[in-house]
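Keeping the supplied structure of chain A fixed, place chains B, C and D upon it in accordance with the hints.
Protein chains in written order, with my numbering: chain A, 1 to 510; chain B, 1001 to 1510; chain C, 2001 to 2202; chain D, 3001 to 3202.
Honestly, the hints are just simulated from the structure, not real lab data.
As the structure is a computational prediction, the values presented were derived from the model and not from experiment.
A virtual CB, placed ideally from N, CA and C, is assigned to each residue, including glycine.
A few of these clues could be false.
Quick partial rundown of chain B residues pointing at chain C, CB under 7 angstroms, derived from the structure [claimed, not checked]:
{"#": "1", "residue": "Ile1102"}
{"#": "2", "residue": "Thr1118"}
{"#": "3", "residue": "Leu1412"}
{"#": "4", "residue": "Pro1425"}
{"#": "5", "residue": "Ala1472"}
Stretch by stretch, here's where chain A covers chain D in the computed footprint (C-beta under 8 angstroms, at least three residues) [to be verified]:
{"#": "6", "segment": "3003-3009"}
{"#": "7", "segment": "3013-3024"}
{"#": "8", "segment": "3033-3043"}
{"#": "9", "segment": "3097-3108"}
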Amino acid sequence: MQLHKILIANRGEIAVRIMRACREMGLVSVAVFSECDRTAPHVRYADEACAIGPNAPGESYLRIDRILDAARRSGADAVHPGYGFLAENADFARAVRDAGLIFVGPTSDAIALMGSKTAARAAASAAGVPVVPGTTDPLGPEVSAAEAARLAAGVGYPLLVKAVAGGGGKGMRTVTDPSGLSDAIRAARSEAGTAFGDTAVYFERQLLRPRHIEVQLLGDEYGTVLPFVERECSIQRRHQKVVEETPSLAVTPALRRELTSAAAAVARAVGYTNAGTIEFLLDEDGRFYFLEMNTRLQVEHPITELVTGVDLVRWQLRIARGERLDLPADRLLAPSGHAIECRIYAEDPDNGFLPSPGRILRLRPPSGPGIRDDSGATEGLDVPIFYDPMISKLAVWDESRPAAVARMRRALDEYIIAGIETTLPFFSWLLVQPAFLEGRFYTTYVDDVLRHRNGQPFTDTSEQEDVAVIAAALQAEMSSTSEPDARSVRLQGWTARARFEGLRLAATRE
Amino acid sequence: MQLHKILIANRGEIAVRIMRACREMGLVSVAVFSECDRTAPHVRYADEACAIGPNAPGESYLRIDRILDAARRSGADAVHPGYGFLAENADFARAVRDAGLIFVGPTSDAIALMGSKTAARAAASAAGVPVVPGTTDPLGPEVSAAEAARLAAGVGYPLLVKAVAGGGGKGMRTVTDPSGLSDAIRAARSEAGTAFGDTAVYFERQLLRPRHIEVQLLGDEYGTVLPFVERECSIQRRHQKVVEETPSLAVTPALRRELTSAAAAVARAVGYTNAGTIEFLLDEDGRFYFLEMNTRLQVEHPITELVTGVDLVRWQLRIARGERLDLPADRLLAPSGHAIECRIYAEDPDNGFLPSPGRILRLRPPSGPGIRDDSGATEGLDVPIFYDPMISKLAVWDESRPAAVARMRRALDEYIIAGIETTLPFFSWLLVQPAFLEGRFYTTYVDDVLRHRNGQPFTDTSEQEDVAVIAAALQAEMSSTSEPDARSVRLQGWTARARFEGLRLAATRE
Amino acid sequence: MQYEVEANGRVRRVTVHRAAGTFVVDVDGRARTVSAERIDGYTLSLLIEDVRLKPDATLSDAASVPVGSGFSRTSSVSRICSYEVTVAPDGDSGQLRVSVGSRTVAVSLNGRRRWGRRAHGADAGGGPERIVAPMPGKIVRVLVAQGAAVRAHQAVVVVEAMKMENELRAGRDGIVTEVHVQDGQSVEAGGLLVVIAAAHAE
Amino acid sequence: MQYEVEANGRVRRVTVHRAAGTFVVDVDGRARTVSAERIDGYTLSLLIEDVRLKPDATLSDAASVPVGSGFSRTSSVSRICSYEVTVAPDGDSGQLRVSVGSRTVAVSLNGRRRWGRRAHGADAGGGPERIVAPMPGKIVRVLVAQGAAVRAHQAVVVVEAMKMENELRAGRDGIVTEVHVQDGQSVEAGGLLVVIAAAHAE
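One chain only, chain A, in its complex shape:
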């Protein structure tokens, strides 16, 4: 199939990541952008660009018609959805293909099947893979309270009420005993209806301190499906992964064989093609359960690339243009060294992780050995308030887990982001915690810690306090215009000077 020009129906770091693969493969990339993204890195990086609407995602990045129109106008012959936005929208995949274009992803049937959590569970069961104990069929709005209570009792408490069309923690409620069931169902239905247009829910038993372990897969159009070494994604905040690593300390070689075989079995059973990920929960006894399948590229794909040397995005494009997946299967399961990723967000960890949009005044990512920074931000520009506030995915590789952790600490320390709050201090704190260093964590570890700390700041600055005090005083002092210092010839621009002149004046008036 001819694949020459590819439209990337996404923004931010993942759009840039895909464009980098395009450029290395000699493919022409087309960016789409909303109004506030005119100067965003993905637009500047692309070979071509098309405006698709106002800032609100519903008016731009989620508009199938406008994206197809951009593809038509630019003459693209393929569309890559990235992750998020329309990546798991079966209608979008179908519309792209109906327009005669290549959709870089699985079939719309596979997307639709895995998009229904109950159907996905059924498919996994049929493939002989255990699922988290729970109800089999969707519970529509017609199901009575009594019937729901009976089904819930069969599953057992504590349990989760989850939206059938769910994802990302939306439409999900924990119920610890029967008295809370009705309220939880009502809340989950309401949220699910708003978010997904589907109020159906189902019940799933809540496991005690499970780990989130997932298996990356690639499948070509000739029936080959290959699984990769697992990713450990138990470090989450409110069901959102924030740190991922591979391999997992909790997975033995024997368990790895079981997990990856199970994942491949599910994918083969549904005729899966292109990149996808099967998520499992792993309980404290080492038993694993199918959780769901993500029918797209995963945010955390770089760590798999770092320990296997396989470029997953390049393979997505190769598979999409009809190439055969000829990777040696055993190498994908034998990780070289260890990789960790931290998702750097424009959020204030000392203020309940509230988004901290604004202008990035200084940005200098870490570099040197073993560092990979996939960024979607630029110095001097704003972090827009309309989209996910992720600034970059910072990944490191090293020969062992302790070395990789030390390297990540070094990288976090090198990262300069001035002007906005970020999650860097949280990661610096996390990466010295004994529980993290020893691998004693589970999916609610971070939430438990946050509850326990009750707002105590992550940024212990006692050591840096004197330095900060000295720096603030000197910044003011050096901005004095009577400044005789012969060496400070490097002042850039008038603004810093003006600002600190203001400070100095304030100081002299005291």
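Okay, now just chains B, C and D, sitting in the frame of chain A:
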């Protein structure tokens, strides 16, 4: 041996590289700096810093006394010399050890032995490794013209007159027939006397179109010496490497075994410890000859790290504190994928590679998958005129050589360095040349190409010309103060505005 | 506005018109619609329309948010090419260095290589003369005060740059109307230092 | 110069003296020699002396190029610690965010959290009032001209920032002595816009 605080007796990117290793290992780093380096990246990166003198290297980075004084004042217990400056100075290694400090490198005896090119050749021969045919003993100033002519005839023409204490192409002359011998000897002696304080020379036959292939080694203090997969360094300009890659297209697995065994044999014969590199010439018939040994870390060490996963600087420090080299020998000879490094210099390739010092106005290194940028430059600061004008070592890794070349082209294209000329356009040109892509090159390939091109610019900008013209006009246009454009709210500082106001005024006056 | 832009030895006549939110840039008779945005003082993001088959799908449509009027697979393909470009002064040559990817083009505006000099040169024209810093540096001494009368070639400011002191001189007789710097202050290339009004009334 | 600096809820008294090429910074009675260099408008490189055993090996020695007086292994160890620090305004809180490595400390100078407001607030003191931009933005309208009389709370400049128009007002009665911006111009946080002299003579 206790190793807690390390003084790095160097500057620029290699000093930062070593400090990164220190930080990952929990070691305290001490920078030294000359006057113009007060704000250099290595000073800002270090935990501690000591001024050691004026800008001229002879008054600072080459002053053994001042560096030892800095070590004493800061309480360092070890010294890492980096490469260049004092890295291959046996007196320095001895003085550091005499002061009771750890010298991160080989013994001063090994440095001194390999520092004499004739002694090094003798050592290689004694270890059963072929050397480039030539004279065995140094020719001091007392050797008569007749005796020299007799020795030269024995070696055969064309030949090279080389300084015994030489390095970096200094004190070296090519002689194509007997008539040019006396002049060449005189010139080489004079240059060698000035550069190294030693006028002794020797003769070496000049091979036809040889490749430069080198073998990285690590040796511990218990007699273990391990060689690594070869590096291909034939892309040189005036005897200075500018592109390196590993593995070499010219080296078969059988030849790799021979080369690496020969390198290890030489190193073992001289009791070599820590990191070192043995350089070979490989002729067109696949025969190799010992050329010389570099008794230090090599500029191009990152590519070896990328294909073997071994952190060479970390191992230098581990060996220096007495650890055993317990790496699996076979893995070091089995490269995973392919790595390439380009040395980005502040030189103008379209102007005879003249140094182009000055202020770096914008600097944005490439990033994303498979890129490693070891930089010693920062935006807003000057490239000093006193030292090597290398801005950064840009290295890429990918699964194969063609993929790595494509990735390097992508990286070169992403690299933004505004304000000074750099060698980026030269590399972009080189990496599409058929001779480079097919691996048909040798140590004078670039020099031959440059002679042939006779000043023709590398920067073919016909494609970019319209864009540049449009950009220049718009930059002026947008700086108009009557500017009604509602969107350009991102102008930083007054300087650009002032400059382009000037342009606009000039424009209106025409 | 009209410009003469020299690149690779060729002079191009450029006319820039402003459209709604974009520019129409005519280079030697070929007009293209361009969206230009400043990223910082040296960097521009350009989207340049390059119509291939039919000229009706224009950038201004694109920039003003296309209404998704249903998907019809017609033959009109409009390439809107994206470039991130840096425009920086080329030392003291007076040229601009325009970088597009890893390629750099030396460009002169309005046929003057040394616009830096020209800006304070003794050229004709009755407008005020603007003395700007030819390179980044530090003001060693301001030699004139506001209101002072100066004569052509009189030194007005001493700037230290590239380890040397450089005297900047008035291009012609006049009155100092603005002094924007003082001793010891740092300046960037192109920074406005002093303005001198012509001695004869304007 | 003296400063009151608040960090982590604690007010520190800081005195800065200038020495040859360096500063002596006294924080609550503990004096340290500091070499400070600007990297850019937000970034400082600091070398802070931290004498451990003997206080005689000082930074000023180090900075003024030590003469290698032979190597004698005495017991005097002087740590000169290096820090790269960014100092940036914390949105409109008036605080500064000082980052040292991955740690950030919120700092207020002279006990005023909202120095941004203070700079154009109606505070006491006879010095001229400097109206600065509280955040990066664009000048929508300059409402006063040089020489104009203004009254306290009168709007003088309208700045567009964060998608909103913000009126900046005079803190007190006075005369506009300087106007540094014009309509449509972009400004950065802290940029000086207008200066107003007190109505009564100084």
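These are the hints, each one checked on the structure:
no., hint, verdict
1, Ile1102, "violated (39 angstroms)"
2, Thr1118, "violated (42 angstroms)"
3, Leu1412, "holds (5 angstroms)"
4, Pro1425, "holds (6 angstroms)"
5, Ala1472, "holds (5 angstroms)"
6, 3003-3009, "holds (count 5)"
7, 3013-3024, "holds (count 5)"
8, 3033-3043, "holds (count 9)"
9, 3097-3108, "holds (count 10)"
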